[in-house]
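Peer 1: Letter by letter, the chains look like this.
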Amino acid sequence: MRFSLALLIALTAFNSQAEDFSFDLQAYQKKPYEFFGHADLTATHLQVDENAALSRLSFRDQTPEDLQRYYGELELNGLYRFDNSLISFRGLGSYQHDTLQTLSNRTIQELYWQLQPTTSWQFDIGKKAVKWGKGYAWNPVGFIERPKNPDDPEVNREGYVMLGSEWTHSLNGPIRNISGGLYALPRSEAVNSDLTDSDTLLMAAKLSLLIDMTDLDFYLSRSSTNKNALGVSFASNLSSNLEVHGDFAWREAVERPLLVDNVIQNQRDAQFQSLIGLRYLDSREITWILEWLHQPQAYSTDEMRTFYQLASSEDLNDLQLAQQARTAGYGLSNVGRNSLYLRASLKDWWDIVYLNAALTLFYNPEDHSSAVTPEWVYTPLKNHELRFRAGFLQGSRWSEYGEKLSDRKIELRWRWYF
Amino acid sequence: MKSLLVPFFLLISSLNLISAQAQDATAANALLLEVDQRLQPQSYEMYRKLINIEPNGKQKSFVLYTVKKGKDKMLALFLDPASERGRSSLRIGENMWLYIPNVGKPLRITSLQSVVGGVFNNSDILQLDYSVEYDATEMLEEAQHYLLTLKAKSRSVAYDQLKMWVDKEYKTPLKIEAYSASGMLIKTLHYSKIKDFGNGYIRPAMLETDSPLYKGYKSVMLFDGIQPREFNDEVFSLNYMNKVGELRE
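These protein sequence lines map, in sequence, to chains A and B. For the first sequence, the UniProt record's numbering begins at 1 and goes up steadily by one. For the second sequence, the UniProt record's numbering begins at 1 and goes up steadily by one.
Since the hints were made in silico from the structure, they are not lab data. Note that the structure is predicted; figures quoted are calculated from it, not measured. Each residue gets a CB set at the ideal place from its N, CA and C atoms; glycine is no exception. Accuracy of the hints is not assured; some may be wrong.
SDA-like cross-link-like pairs, simulated, lysine to any residue; straight-line CA separation at most 25 Å [said to hold, decoys possible]:
id	chain 1	residue 1	chain 2	residue 2
1	B	215	A	342
2	B	60	A	34
3	B	193	B	154
4	A	31	B	227
5	A	131	A	342
6	B	195	B	83
7	B	105	A	354
Which chain A residues stay away from chain B? Per the calculated CB distances, all over 10 Å, these [to be verified]:
id	residue
8	28
9	29
10	102
11	120
12	155
13	363
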């Protein structure tokens, strides 16, 4: 009896101790320095499609049945605050090894000085990643940013060297917020050399409005060679669980490499791209993201077939030409006229807290090929994240996903945040 | 004559009843307004620690810095853990956005989405004053507390109906039950640990939440550093979502 009573008191004491939560506010005060980042280790197993055009192009006649890829990266971020300014740094080091190649890379992805004289004004000078548009998988209006990887849209991207200023003003009428941004991006052999729309200087501007329940953005860019680009994007909540968004971009005189009579010709045309999307939360707490990318001046299925046929040829000259075409633009993701993206994601999958599950579908409605990616992300420990992904590609001969290098893949990534 | 008097008295008594109900609702809304005023200033900054507790006792915590202005502008920034650092959520009325550092631009989101897994969702993180989102329709006076019945003003509010037990002495909530439009209990919130935060704010420092939808799981929110502070309107804009941390002193 005494023992039971002692046990009960001990248990009660333990419980009340367990419920005594602490909160050390001092630990979260602003400091002049901040240092943080993440480290990744990724292992990927790819099952190679021996008959696909892109595997023929990569391996010629020695196509392996499968391919192992190992990848590691370290991202370091630093911040130093003084007066109304801060200096921000983001560096990335990566190493990749597989049967095809071994690559290592170190880049300064961002390094800029930011001045905030008031809450309305901001000035930036240095290398910075500016992100435009409302699309999740694609960014047609990203005039001054590097292309997004639609297969992993949340991957950090390298910025461009620029001089930028932003201004924001709040109002009490139907227009609740108005903001503007002006950016100047120099281009030379040494700086922003892959900025395609400019010879020496690219100027860009953005105007953003919040009108009642709608975000409305206008974009403009003009290069030193008088090549203009215009864009509009919007996002609005139709109800508490349904959001709709869109990006529309028009670019003047975009160069497009085209295979004509076994020669790559650079055609120069105006290009229009549009993206319409929605985000919907259903009663089972599944978040659906649906996006449709339409680019009427992109490659037709016939034009892509020409490329795939060349890449599948036994003739060495054809293979070399196909390799050049791949590098020039045919090898990029979603280069067709229409692409659909559908992602369903669920937090706490199967009632396991911190386990997020997602299923992503890319579909090419022109050739009916598709890629399906199931994904699970689990954070078993604080700041440690495990991601498992698989990939299943299917499509007929000469179709976008039927001719990719691999038709099956599995991937495991461990990420540590610090 | 008698037959004429009966409907007359019925009419008078029903008018009295309607008038009593209207008075009841007016008093209930006045109390709700006082609850909001006791909980926090109209414009303020505060720190919150959110702790998710699993059935096996395992805990995961998140720390948020929050600023609010007026009735409908609110901005919350994740400070900890490192995996969530820099994420911020902005609310202007019924508009909500999420900023993820890697994505690098604010995305419009829906209010019901869970932010970090567990019992809390966006609406809990960016909860406006109760009187902004709810009408008090009924008030019952009991020995130690008042019981308010609250009805959502619009369909965009996360919970259609609340039952709020209000402490008679401090005029702050003791317990809140949140119901869906179909009358299903979604979650229960328990306020505790009354603390003097200064500037006249004596209010609960802890909020525990459980939900029949997450059996065995519990979430705790600890409040600290609540103080009145005025901000420019421009702080509550998409351009400022990646700079919220600079507001800290």
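Peer 1: If a hint holds in the structure, say so; if it doesn't, say that too.
Peer 2: How the hints compare with the structure:
no., hint, result
1, B:215 <-> A:342, "31 Å, violated"
2, B:60 <-> A:34, "23 Å, holds"
3, B:193 <-> B:154, "32 Å, violated"
4, A:31 <-> B:227, "20 Å, holds"
5, A:131 <-> A:342, "22 Å, holds"
6, B:195 <-> B:83, "31 Å, violated"
7, B:105 <-> A:354, "24 Å, holds"
8, 28, "5 Å, violated"
9, 29, "6 Å, violated"
10, 102, "26 Å, holds"
11, 120, "5 Å, violated"
12, 155, "7 Å, violated"
13, 363, "22 Å, holds"
Consistency note: the structure conflicts with the earlier hints numbered 1, 3, 6, 8, 9, 11, 12.
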